[in-house]
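Using the sequences provided together with the hints, build the complete structure.
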Amino acid sequence: MQTVAERVIARAKELFFSGEVRRVLGWERGEFQHERIPALYETAEQLEKLVYDEYCGPNLSKELIALSKLEGRTLAILKPCDARSLNLLLREYRVDREKVYILGAGCTGMRGRDGLLLKCETCRGKDFPVFDEAIDDEECRKVPDGDRFADVCRIEQMSGDERFLFFRSELSKCIRCNACRNICPACSCNQCVFDNPDSGVSSKASADPFEDSQFHIVRAFHVAGRCTDCGECSRACPQGIPLHLLNRKIIKDIGELYGGYEAGGRSPLIDYRASDGEA
Amino acid sequence: MQGEVNEFKPLIVAFCCNWCSYAGADLAGSSRLSYPADVKIIRVPCSCRVNPLFILRAFQRGADGVIICGCHPGDCHYTTGNYYARRRMTVLFRLLEFMGIDRQRVRVEWVSAAEGAKFALVMNEFAGAVKALGENVKLGDLRCKP
Ligand code: SF4
Ligand code: SF4
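These protein sequence lines are chains A and B, in that order.
Just so you know, the first sequence maps onto residues 14 to 292 in the numbering used here.
Just so you know, the second sequence maps onto residues 271 to 416 in the numbering used here.
Fair warning: there could be bad hints in the mix.
[Stated by the list, open to error] Restraint-style ranges between C-beta atoms, simulated for each label pair:
id, chain 1, residue 1, chain 2, residue 2, range
1, A, Asn-203, B, Arg-302, 17 to 25 Å
2, A, Gln-252, B, Ala-307, 41 to 49 Å
3, B, His-342, A, Val-64, 53 to 61 Å
No lab work stands behind these hints: they were computed from the structure.
Positions of the beta carbon are idealized from the N, C-alpha and C atoms, including for glycine.
This is the structure:
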């Protein structure tokens, strides 16, 4: 019997050769054994390189902003978490739904150099909120029971000064490469506040630690209520900064205070109740 | 004498909405109520105009405390602006606290145009609380030091 991965690849090829889609968005092998990088396939020859296996962590949904502007339909292979991110992009009218064909690919958790990715340990669920067809099996539908907020709670229990030092030392590693911003599916403004030369955070090396705080508070807050908890910011960071902690703290608070939200649903921050607690 | 010269006077930035709190501050002034001279008022159209960046910038440039004042819930000139500000600031303040910034350095207060006395009271109280915390070091920027 074919595995899920084999079925996904076979189906992607089938749709490509039948002319249903113009191009296929998937992954290809990178330099390292554990590395898979996003790749766009436009010819039959290229398509031979398409892979889908336990290392396909990168979230492809954001690529669809640009790809859905091209002529013809694009097939995108999306894992359940990627589909959640796409759901947000659809709600924000960033992606033209007609121009994409979503091939949902079942996933048993993705791995990186250091084993199972953090986002997979705390997977939100294996349903596809948006798809044209999905290929999975029993095994792919099992959701791990990792506690999403365990790390946040651990930090909450520290004293204020400990928390400050923890974040200051983590954030001081930032080289302002903007990878966390660029990969984030919730970060899709054409012009970003950080592209403004006057924003004070454009330099590669911080002139003052304030810059790190400013960049990271604003980055996290700009996606408050919209973050899809895909964990890509932390995965993409070349410096290994646990950025998702800031986002998860916001998600946790919004959940406790205003009842939470699902990626692509209505953000509680564009809503209110007269009975809300005071700040 | 020496003590007086060195006494720490916190710099407070108060974002006041045009319709209620700014008028409230005005009333405090014309009623000759006193509040610390180191409260610098910045007028904004509505409390929800306050972007988190404004707050960070204020701290960067030397503020020791930042307070946002707006119309009472239900009385917003734009009907609902202060409700959004309330949710936004609640989430932001919790994030700042999570990152180890003293929670008492930021505050939201509702002050109507008729509440000159409340304005003075709030500012005196807030300035006192910030004074007790001392200078803002965590979010300051050395480049902005005088
Ligand atoms: S902030 Fe991080 S976890 Fe949230 S949507 Fe963006 S990349 Fe994903
Ligand atoms: S990806 Fe990491 S190093 Fe790059 S800007 Fe973001 S936090 Fe800084």
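Between B:His-342 and A:Val-64, does the beta-carbon spacing fit 53 to 61 Å? 59 Å, holds
Do the beta carbons of A:Gln-252 and B:Ala-307 sit within 41 to 49 Å of each other? 44 Å, holds
Cβ distance range 17 to 25 Å for A:Asn-203 and B:Arg-302, holds or violated: Hint violated: Cβ distance 51 Å, outside 17 to 25 Å.
The structure shown violates just one earlier hint, number 1.
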